[in-house]
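Colleague: Kindly produce the complete structure, drawing on both the sequences and the hints.
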Amino acid sequence: MAVVSVQGTDLMVEMQGLDKLWALKSQLTIPLANVRGATVDPGIVGEPKGIRAPGTHVPKVITAGTFHREGEKVFWAVRNAQNAVVVELADEDYTRLVVEVDDPRAVVAMIEEATSR
Amino acid sequence: MGRRRSFDVDEVVEAAAELFAGRSYDGVSIDDLVTRLGVHRNSLYGVFGSKRGLYLTALRRHVDHDVRPHLAQAARSDRTPAWDLLLLAAVDRAPDDPEVAELVSTVFTELDEATGDPGVTEALLGRWLRNRGALTVPTGQKLPETASEKES
Numbered sequence: 001m002a003v004v005s006v007q008g009t010d011l012m013v014e015m016q017g018l019d020k021l022w023a024l025k026s027q028l029t030i031p032l033a034n035v036r037g038a039t040v041d042p043g044i045v046g047e048p049k050g051i052r053a054p055g056t057h058v059p060k061v062i063t064a065g066t067f068h069r070e071g072e073k074v075f076w077a078v079r080n081a082q083n084a085v086v087v088e089l090a091d092e093d094y095t096r097l098v099v100e101v102d103d104p105r106a107v108v109a110m111i112e113e114a115t116s117r
Numbered sequence: 001m002g003r004r005r006s007f008d009v010d011e012v013v014e015a016a017a018e019l020f021a022g023r024s025y026d027g028v029s030i031d032d033l034v035t036r037l038g039v040h041r042n043s044l045y046g047v048f049g050s051k052r053g054l055y056l057t058a059l060r061r062h063v064d065h066d067v068r069p070h071l072a073q074a075a076r077s078d079r080t081p082a083w084d085l086l087l088l089a090a091v092d093r094a095p096d097d098p099e100v101a102e103l104v105s106t107v108f109t110e111l112d113e114a115t116g117d118p119g120v121t122e123a124l125l126g127r128w129l130r131n132r133g134a135l136t137v138p139t140g141q142k143l144p145e146t147a148s149e150k151e152s
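Protein chains in written order, with UniProt numbering: chain A, 1 to 117; chain B, 1 to 152.
There's no promise every hint is true.
Restricting the straight-line Cα-Cα distance to at most 20 Å, the calculated cross-link-like pairs of lysine to any residue (SDA-like) are [unchecked claim]:
1) A:Lys25 x A:Met12
2) A:Lys49 x B:Val34
3) A:Lys20 x A:Ala81
4) A:Lys73 x A:Trp22
5) A:Lys73 x B:His40
6) A:Lys49 x A:Val61
7) A:Lys49 x B:His40
8) A:Lys49 x B:Ile30
9) A:Lys73 x B:Thr35
10) A:Lys49 x B:Asp31
11) A:Lys73 x B:Val47
12) A:Lys49 x B:Arg41
13) A:Lys73 x A:Pro31
14) A:Lys49 x B:Ser43
15) A:Lys60 x B:Asp31
16) A:Lys49 x B:Thr35
17) A:Lys73 x B:Ser43
18) A:Lys49 x A:Lys73
Which stretches of chain A does chain B cover? Using the computed rule of at least three CB atoms under 8 Å from a CB of chain B, they are [as the list claims (entries may be wrong)]:
19) 33–39
20) 51–64
21) 84–95
No lab work stands behind these hints: they were computed from the structure. Backbone N, C-alpha and C fix where the C-beta goes; we use that ideal spot for every residue, glycine too.
Modeller: Next up, the structure:
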């Protein structure tokens with residue numbers, strides 16, 4: 001589970017509890033200017049993830065950490081696919097973030113509002 | 001950014017517009033889009049950024065291709081134009097998305113100008129709503145044209 005918030009001109013993604021450990025990352029800070037959009041997408045969990053480096057991948061249980069596939073670098077922190085949100089980035093180390101949040105619709109609405117200002 | 005765009009963006013946007021014209025925004029999942037449009041999920045995100053990004057592109061395309069060229073004609077005709085995406089956007093998305101609200105309201109204003117009478121716009125919207133809910137077509141009336149009809 002991750003907590004996503006807007007702080008000033010940044011998007012903050014903070015891992016909660018043990019997910020800090022699985023993802024080997026406790027927090028990500030992305031300038032809002034580099035956020036292209038956010039989408040509720042439970043189905044993305046069924047996609048091939050690519051090569052994990054570093055992180056934790058137990059298929060059907062937890063996908064956490066950095067994954068490389070087809071030239072893209074994607075940060076994952078998902079256990080419950082139903083609450084997965086995809087955040088597409090530009091000019092960042094990561095191509096996109098796929099994180100589990102408490103309320104996916106609210107997170108997407110918040111990011112859309114913050115990025116269209 | 002070195003992403004592959006191994007598909008025809010315009011074709012994908014047109015197919016997305018058809019999908020969004022038939023169902024509410026929340027009723028269309030990324031799974032539905034990936035399946036219907038035949039593109040990879042990562043390409044979809046890479047090109048459009050988000051579901052909203054694709055939706056806005058599809059809505060703008062619909063407005064430019066299907067609505068704006070037919071404003072005057074729609075105002076004169078008794079038939080309901082194939083503007084389901086625009087009208088669904090007005091009902092479903094405009095209250096939640098200021099960009100959609102602005103586009104929809106701009107188009108309705110253009111329609112007012114094309115007819116010179118906001119009453120005609122309202123009659124057109126009313127006809128569309130009535131036809132959406134009609135199970136049978138009253139005698140002597142023509143069926144509304146379907147969304148797939150193209151005029152060029």
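Colleague: Do the alpha carbons of lysine 49 of chain A and serine 43 of chain B lie within 20 Å of each other, as the hint requires?
Modeller: The given pair, whose Cα atoms are some 14 Å apart, holds under the 20 Å limit.
Colleague: Hinted pair, alpha-carbon criterion (20 Å max): lysine 25 of chain A, methionine 12 of chain A. Please report holds or violated.
Modeller: This hinted pair holds, its Cα atoms lying about 13 Å apart.
Colleague: Does the segment 51–64 of chain A contain three or more residues whose Cβ lies closer than 8 Å to a Cβ of chain B?
Modeller: violated (count 0)
Colleague: Taking only the CA atoms, is the gap from lysine 49 of chain A to aspartate 31 of chain B under or equal to 20 Å?
Modeller: With Cα atoms ~16 Å apart, lysine 49 of chain A and aspartate 31 of chain B stay inside 20 Å; holds.
Colleague: For the pair supplied as a hint, lysine 49 of chain A and isoleucine 30 of chain B, confirm whether the alpha-carbon distance does not exceed 20 Å.
Modeller: Holds: lysine 49 of chain A and isoleucine 30 of chain B sit about 17 Å apart, inside 20 Å.
Colleague: When you check the alpha-carbon spacing of lysine 73 of chain A and serine 43 of chain B, does it fall within 20 Å?
Modeller: holds (14 Å)
Colleague: Examine the segment 33–39 of chain A: at least three residues should have C-beta closer than 8 Å to a C-beta of chain B.
Modeller: holds (count 4)
Colleague: Given the hinted pair lysine 73 of chain A and histidine 40 of chain B, is their alpha-carbon gap at most 20 Å?
Modeller: holds (16 Å)
Colleague: At least three residues with a C-beta closer than 8 Å to a C-beta of chain B: is that true for the segment 84–95 of chain A?
Modeller: holds (count 4)
Colleague: When you check the alpha-carbon spacing of lysine 73 of chain A and tryptophan 22 of chain A, does it fall within 20 Å?
Modeller: holds (17 Å)
Colleague: Taking 20 Å as the top limit, are the C-alpha atoms of lysine 49 of chain A and valine 61 of chain A close enough?
Modeller: Holds. Lysine 49 of chain A to valine 61 of chain A sits at ~14 Å (cutoff 20 Å).
Colleague: Sort out whether valine 47 of chain B lies within 20 Å of lysine 73 of chain A, counting only the CA atoms.
Modeller: holds (16 Å)
The structure fails hints 9, 20 (numbered hints given earlier, in ascending order).
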